[in-house]
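Novice: Protein chains in written order, with full-length UniProt numbering: chain A, 1 to 424; chain B, 1 to 424; chain C, 1 to 424; chain D, 1 to 424.
Think of the hints as simulated: they come from the structure by calculation, not from any bench. Cβ coordinates follow ideal geometry from the N, Cα and C atoms, glycine included. Be a bit skeptical, because a hint or two may be false.
One side of the interface only, derived from the structure: several residues of chain C facing chain A at Cβ under 7 Å [what the hints assert, rightly or not]:
hint: 1; residue: N255
hint: 2; residue: I258
hint: 3; residue: K280
hint: 4; residue: P293
Protein chains: 4
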Amino acid sequence: MNIENYQIESHNSDLLAKHQRKLAFVTEEVSNAQDIIQKLIDFQIGIPSWALGTGGTRFGRFSSGGEPRNIEEKIEDIGLLHKLNAASGSISLHIPWDTAENVPAIKALVAQQGLSFDAMNSNTFQDQANQAHSYKFGSLQHVDKAVRKQAIDHNIEVIRQGVELGSKALTVWLADGSCFPGQLNFRKAFQNTLESLQEIYAALPADWKVFVEYKAFEPNFYSTTVGDWGQSLLYANKLGPKAFTLVDLGHHLPNANIEQIVALLLMEGKLGGFHFNDSKYGDDDLTAGSMKPYQLFLIFNELVEGMDARGMNHSKDLGWMIDASHNVKDPLEDLLQSVEAIMLAYAQALSVNRTALQQAQAENDVARAQEILQQAFRTDLRPLVAEARLRAGAALAPLDLFRKFNVRQELIKSRGLNTVATGL
Amino acid sequence: MNIENYQIESHNSDLLAKHQRKLAFVTEEVSNAQDIIQKLIDFQIGIPSWALGTGGTRFGRFSSGGEPRNIEEKIEDIGLLHKLNAASGSISLHIPWDTAENVPAIKALVAQQGLSFDAMNSNTFQDQANQAHSYKFGSLQHVDKAVRKQAIDHNIEVIRQGVELGSKALTVWLADGSCFPGQLNFRKAFQNTLESLQEIYAALPADWKVFVEYKAFEPNFYSTTVGDWGQSLLYANKLGPKAFTLVDLGHHLPNANIEQIVALLLMEGKLGGFHFNDSKYGDDDLTAGSMKPYQLFLIFNELVEGMDARGMNHSKDLGWMIDASHNVKDPLEDLLQSVEAIMLAYAQALSVNRTALQQAQAENDVARAQEILQQAFRTDLRPLVAEARLRAGAALAPLDLFRKFNVRQELIKSRGLNTVATGL
Amino acid sequence: MNIENYQIESHNSDLLAKHQRKLAFVTEEVSNAQDIIQKLIDFQIGIPSWALGTGGTRFGRFSSGGEPRNIEEKIEDIGLLHKLNAASGSISLHIPWDTAENVPAIKALVAQQGLSFDAMNSNTFQDQANQAHSYKFGSLQHVDKAVRKQAIDHNIEVIRQGVELGSKALTVWLADGSCFPGQLNFRKAFQNTLESLQEIYAALPADWKVFVEYKAFEPNFYSTTVGDWGQSLLYANKLGPKAFTLVDLGHHLPNANIEQIVALLLMEGKLGGFHFNDSKYGDDDLTAGSMKPYQLFLIFNELVEGMDARGMNHSKDLGWMIDASHNVKDPLEDLLQSVEAIMLAYAQALSVNRTALQQAQAENDVARAQEILQQAFRTDLRPLVAEARLRAGAALAPLDLFRKFNVRQELIKSRGLNTVATGL
Amino acid sequence: MNIENYQIESHNSDLLAKHQRKLAFVTEEVSNAQDIIQKLIDFQIGIPSWALGTGGTRFGRFSSGGEPRNIEEKIEDIGLLHKLNAASGSISLHIPWDTAENVPAIKALVAQQGLSFDAMNSNTFQDQANQAHSYKFGSLQHVDKAVRKQAIDHNIEVIRQGVELGSKALTVWLADGSCFPGQLNFRKAFQNTLESLQEIYAALPADWKVFVEYKAFEPNFYSTTVGDWGQSLLYANKLGPKAFTLVDLGHHLPNANIEQIVALLLMEGKLGGFHFNDSKYGDDDLTAGSMKPYQLFLIFNELVEGMDARGMNHSKDLGWMIDASHNVKDPLEDLLQSVEAIMLAYAQALSVNRTALQQAQAENDVARAQEILQQAFRTDLRPLVAEARLRAGAALAPLDLFRKFNVRQELIKSRGLNTVATGL
């Protein structure tokens, strides 16, 4: 399924007059509108290869059809997204689901679609066919050195594949933990995990990073061996300067103040990357911004403030990625909605009057501080996000275009109705 | 895999002296020990057919081998449990996973194992092959009458199968709900569900009950159409005298006071049944009593008090069932542990000095009330539970016997290592 | 402290050009803008008398000075708010804190300020000096009939005072519950409470309503005798047609779907009133809309949809009230922010394209349904809220005006720095 | 109110036969019973001076009478507890509430009661009369250096008082944080707090420790500047070897795995002390072991395992303290219940078969590991706790003795009914 530039231009020209009216209005409202637009153009969000198919729960899965059947089709899907929004410019692969048979061909395809390779993801939470040891009781934490070795080797293999492709980072998400009290010794599990991570760290190329992701619970239901930001930071500090914490929005206990965690990790120089999604109960993996958009804005507010304080490059110095699952919506539509929500929250954060906010904070003027943040959040900045797309050659209204061109129906026609994306 | 009576007797005779010493001790401590033992003998817990295989999460599943491959083997597994503990005397079937091809043969097998049929369970949360309509967007709540009709017919078919087998109740657990704001109209979803339930209710035989189970979230992540006890009670009241609420311990929001819910439902005459399990985070489906044993005791404390207040028969007037999933433990061992924890909590509740408690409550003597409950909980009543088993012809130490006889290895030998229980 | 009409007009005229530009823009975006503005003009939010002073926690309280020292000054403060935003048109009194010595004078003062009397609030969660019995172990639930009688009589006295003043409703919030397992018999506590409420109900004038408020926890920490909406609805149904459930946003367990509760209570014809605030952890009593503004919008979305479905009058058929506490902000500024957030959420809900939403729901078009809600939420409707104020003779920017006129400093000057509002 | 030795002996001799029968039984069950008894004798729990009066919530407070009116009476109350249970051997003072006017006299009184001084507690969460600066917007975090200085000086003064008395540790619990997004800059708040703590740290004597307590929320409702164990550990590591984390059981988000936190802090050598209480919802400050006794056992299981692994002395190398509030029970009775629950959990943890547990863990035998922990928890070890008291000269049944001697009535007689403990 290809969308041609002229089709996008035609779509845009239909909407242009209305867009320009809105843009003119908001540009008058927001003093740094041009700067925001440029930053939005530069900002790219990684799409994980597993988000392109319909997700499921332990209770079932309801496919929407036309799902990508291999890595090539996954790249094509992301290419399509990027064509539509010019903000989905990288792909995050999951090994072994996405192991490339023909590396040069894959690299060429990715380049052709205008994409790059984001962080590589290893998988030691499932048993693959012909695997010598089972991960039933953990991988990097396992009491048996042979199992740990297998999991370490897998991670090193993922790095190797990533190097070939041109990736620069490894994300380690561990399901390791326990389901019942007494099942494991917390301290030994931590130390085994640390030693395993150290072996993986030793295999990292000089210009690579490793992201240690944390998660409060699921699939283990009593403890997780990288369970919260404090534990992840302990690992990252013990590992060294190439190790960082990765924050996934859905991986916290109820009511956690994630924006504060983000601020402190930035303060410590140890925030490495981000997995966007949204949730109401647990790791619901819902569309970014669909439940708590103000929280998403507050998180971006800390990201912008904290990165600027360290002189970091917004678009390059952290890994930005969606990590969502799409049970009831078309995966591609859902991703378009997630990217839109993320860009909007980023734009809102960029529009915060920082000087005024700092002054309000210095005076403990709490009401004024709230007004400043709400002013940024309540102002409708969607025209800036659309303008960034327009300038980058993408669609003013990506989701409308997606539907107008019957993309899903076309994909079903070419790929079939009962496809299952690899790994799902 | 069969365990013979003489084998159990031999096992018991080895442990008898030690058991009797303990029994003598506790009998002196607990004034109504004989009464408790008799009630424990009478108390039977239903085992769901799906709990006999290894469970999983959306991330994976690690089989332990030797799982039952069909309804006959499931019945055999429960028969084995019941042989060991004389407290797992019924089976709760799940349709279509457990549809009996040869009803008389199945009934004979169940009778031969000393079992009976507990509540039947319908399934409208998954799409079966060759199903006309999908449940992706709900079943009894669905906006399309044709889908609702299909789900209603399925439930009526489950009743029909249950009647043939000799069951007396239908449990309706609905995954119906929504994943995103706006997805459905809450009121219409409720009313569609109510109308559907009314059609099912109309098909209930005179001596049947229907249990309306509630759940706060999962697999839907924004709303559930039977989401809490208040909603379930609304349905049950609108349906009529044969409709009741079913409480599953894992189906609540964080920190919910489940024992109070149980007390109020009993007060209203609308508590119908119980699904036992335990959890730390969500619907973790862990072994009963493995996380919050004091809460389990407090729930039984309300059950005993409330049922006695209404003159209900503990063993017959409510449906008792385990609803757990076994990801890291042998399913049969796990069920033995769950039953033991349930029987222990029931025994503790029976040992509460009710007269003293009522007096303490009448005097607002909070410290004394706490002492009375803690006295019941801290006293080691395991010898009473063991004695109930002994008198019923079962094993003093079921789990030890299970291991001594290498039951799992025998099952693997006869059934194979890579079996998957139907429905998992 | 008085603000004169000419001062407001002068303030408005300075802002008018800018406001009209924004209004013109949004009026073009929102098809029913005029209808929304009129509904906003009609919508009035009750201010509780206890929200006018600085609140505190069990750890301490930090006054901001100039707090109202008596009911007259409380009425003046609300009159000032109403002058500024024309949306705070009623006062909700708390007895015994606000018992009026001179009823005609108080009625005259309220009328002079353009206000009316909202629901009356009783207090049986504290012991007053010279009270015969203590509420330490509950009031309407108490095991001792004499204590219940005292609490019943107090509520009847509150009704009597309300009748004199011209109020039409009684809100009963009970702290009743228990701190420890065993402390009370849940069933008896419920039944005692019900009987007590029935006596109060019997004393209600024909045109009065009683609102039964629920709360999950605090100040009791194990159980609450009106603990959730299901329990409140049980009471309301048993009491009769004049009894309704009152929803306070902060009174739920973590992650509760409050908008669904609201929809179902409206469906049952038993939603009576609303207490607005916001929270991150428990009953934090923070400024409405300061934490989860999207949730506030979703709640209003259900309110508008559900009231329209029943042909209810938005502004008259439910009781709308703020119930917040102001620990770190000026109470009056905080209330201005709360009212603004509520009006904005109401405007957003009114702007939802209901026809399109119903169609999306009928087609299970989840992505489209989300787009429709987000379109309403992301559009900046503040100009409509400001225009409603303008047309009603109030200020375009109430908070700015409040600060420009140094209201707090004036109040401190006239009332003193170390005042404590009665009841705090 | 004094209880004489002969009175305790008389009480004990009445209960002795029954006690010895139970002790004999349990001694046969538990192989290391004598070792456990000795460790229980050595184990002492600090009583905070503020726990001796009736606590309250922001809604009210209901005194139980006879509360200690000054530091001398507080010491007497703890002396009484210690006389009864021989396990409450130290007092934790709170400054300025408990500033000693006459230090030598206070030291003599404490010595005479057989007590010692536990950690000192500073208070920067309330404004004291005549205080130059307000802590409304924080203390050690405050944007204004002068406020920070005042708070630092207060902490140094607390150390000074502690040195005079013979204490060896300072506990810093900070209410610092924010109630609304934007109120403070998380990073600057952290850094201000760190700098302030560094100044306090510099004033610590060589043999002193400082405990940095964390808390998730309350009294601030959006963020807390020492909000979780990860933040506390960051401070402790940056401060130096005399700084440690203090864990209070009620200071966590819902569902937190506290036992894992304890294990990891011990692993890092940074666990300093413990505040015991229990909770169902938030920081409910309920009697230890009254809600989740199995969790309390699991925490002690990690404490024992982790301290033994580091060769730490159970009774001396960590600070053990109760931090509870008593709203509906007699404070002294409540403390007796808390100490009993703590000693019981400690005994259970000491009775765990560690060799068997390690083997089960090494084999991933999850069911067996659960059995081992449940064996320890289900065995009734109260006779060991009672025997420890007996050998130490205290009462077999402290609460019974407390009631038999009408202690509270005696205290009311001597102190009055309407006393308020200083600081409450």
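Novice: Please check whether K280 of chain C passes as an interface residue: C-beta within 7 Å of a C-beta belonging to chain A.
Specialist: holds, 6 Å
Novice: Would the hint on P293 of chain C be counted as holding, given a Cβ-Cβ threshold of 7 Å to chain A?
Specialist: Interface hint status for P293 of chain C: holds (5 Å vs cutoff 7 Å).
Novice: Hey, does the I258 of chain C contact hint survive, CB to chain A under 7 Å?
Specialist: It is violated, given that the least Cβ distance between I258 of chain C and chain A is near 11 Å, above 7 Å.
Novice: May I ask you to test the interface hint for N255 of chain C with respect to chain A, counting a Cβ-Cβ separation under 7 Å as satisfied?
Specialist: holds, 5 Å
When held up to the earlier numbered hints, the structure conflicts with hint 2 and nothing else.
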